[in-house]
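Position chain B relative to chain A; hints supplied.
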Amino acid sequence: MKESNGNKPIEDPRHSVVEKKLGKVKRVIAIAGGKGGTGKSLVAATLAKSLSENGYKTGLLDLDLTGPSAHLILGESPGFPEEDNGVIPANASGISFSSIIQYAGDSPSPLRGGDISNAILEILAITRWGSLDFLIIDMPPGISDAMLDIIKLVRRCEFVMVATPSKVVVETVRKNILLLQEIGVPILGIIENMTNMEPLNGTLKKSGIKLLGKVPYDRSIETAIGNPSRILDTKFGQSMSEICSMIAGGKEK
Amino acid sequence: MHEWALADGIISTVLAFAESKKASRVSEIVVRVGEIQQINTETFKFIIEEFFKNHERLFRDTKLRIHEEKCTLECKNCGHEWGFSSVKGELGGDDGESIHFIPELAHNFMRCPNCKGPDFRIKEGRGVWVERIKWE
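One line per chain: the protein sequences are A and B, in this order.
Using this note's numbering, read the first sequence as starting at 1 and increasing by one per residue.
Using this note's numbering, read the second sequence as starting at 254 and increasing by one per residue.
So that you can see chain A by itself, here it is in the shape it has in the complex (with noise of 0.2 Å):
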């Protein structure tokens, strides 16, 4: 007979479910980028309704433990989750949903970094996802817990960055490339939001990551926040669903 130290945990249980969890998922794709404010959480949930659109049965994550918003642009204020075997996500306008705000509801969420990774652990543990082509997971803006947390936990997570022309972003975002082209993560490429501002200057363009498409900046799509079918009606639901092709392009359904 043989026995463990009893001292320290054999190891935290929900590291060994998470890829099980993700197993049936195609591909798990992750929009980041480095500030906020640059259309992420837009970006994430019209490309989620874009492949769902195109008959992809698709996921939608929001990460953004603190700051959540994709529930507003798909419009859906899912409750409690559905538990079998572990917590199934919402159906929201055809994507399965998972948000804070299912458990949180609409107070405010004041977490430091390791609980916001305790957090996403806790998620990514008990949500079934099942069968899916894509799950995008909507990230908070930097490259601190979240990103280290997917990166280290969903080894296969592509990621899409997220930029404006702003000096600002491009600076930031040009740091969370060198980040991630370092430690070998791949980036299926850039999307430069808000192109009617000015153009986006060649720091990023060194990086030698594919532009995936320039979105413009669309004065109508504040009035379509709510309501997915008239975002893709927008000039940045049209320029989203071409990317979205780009994104899909070759892949089987």
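Incorrect hints may appear among the rest.
Claimed, not checked - Using 25 Å as the maximum straight-line C-alpha spacing, the simulated DMTMM-like pairs for lysine to aspartate or glutamate come out as follows:
#1 Lys306/B x Glu11/A
#2 Lys2/A x Glu288/B
#3 Lys20/A x Glu302/B
#4 Lys8/A x Asp348/B
#5 Lys8/A x Glu288/B
#6 Lys306/B x Asp84/A
#7 Lys387/B x Glu3/A
#8 Lys8/A x Glu281/B
Calculated from the structure, these hints are not laboratory results.
Quick look at chain B alone, frame taken from chain A:
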């Protein structure tokens, strides 16, 4: 119940451990459950034992012990410490349910009893983990 997902994690952890040790039988497992998870230990024991049935040789006559660890919270603002049990009764039903799913949501629904601040940490009694395994 999402306890099935947590039990799946426990079993996966034990299976990986048993494989790494080339164990032919696991004779005892001690699982610790943090109080803030608000998990019924009897129900949790039943669920884990249901998973045993998928691996009858490895888990024949395995003793499963589940213990609860009391939850204490510590305020990062004033240093005050308190027990989850002392404030649990003040939580609304849905608030307690939210914390049951994601314990970090204590920050949404609880405040430091001393300074009323939201900046505290769960010092002990969070999570579900395998504390000890005996094997042959």
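Taking the hints in turn, this is what the structure says about them:
1. Lys306/B x Glu11/A: holds (22 Å)
2. Lys2/A x Glu288/B: Distance of about 29 Å is beyond 25 Å: violated.
3. Lys20/A x Glu302/B: holds (20 Å)
4. Lys8/A x Asp348/B: The hint is violated at about 31 Å.
5. Lys8/A x Glu288/B: With Cα atoms ~18 Å apart, Lys8/A and Glu288/B stay inside 25 Å; holds.
6. Lys306/B x Asp84/A: Answer holds: Lys306/B to Asp84/A is near 19 Å, not above 25 Å.
7. Lys387/B x Glu3/A: holds (4 Å)
8. Lys8/A x Glu281/B: holds (16 Å)
Hint check: violations occur at hints 2 and 4; the rest are consistent with the structure.
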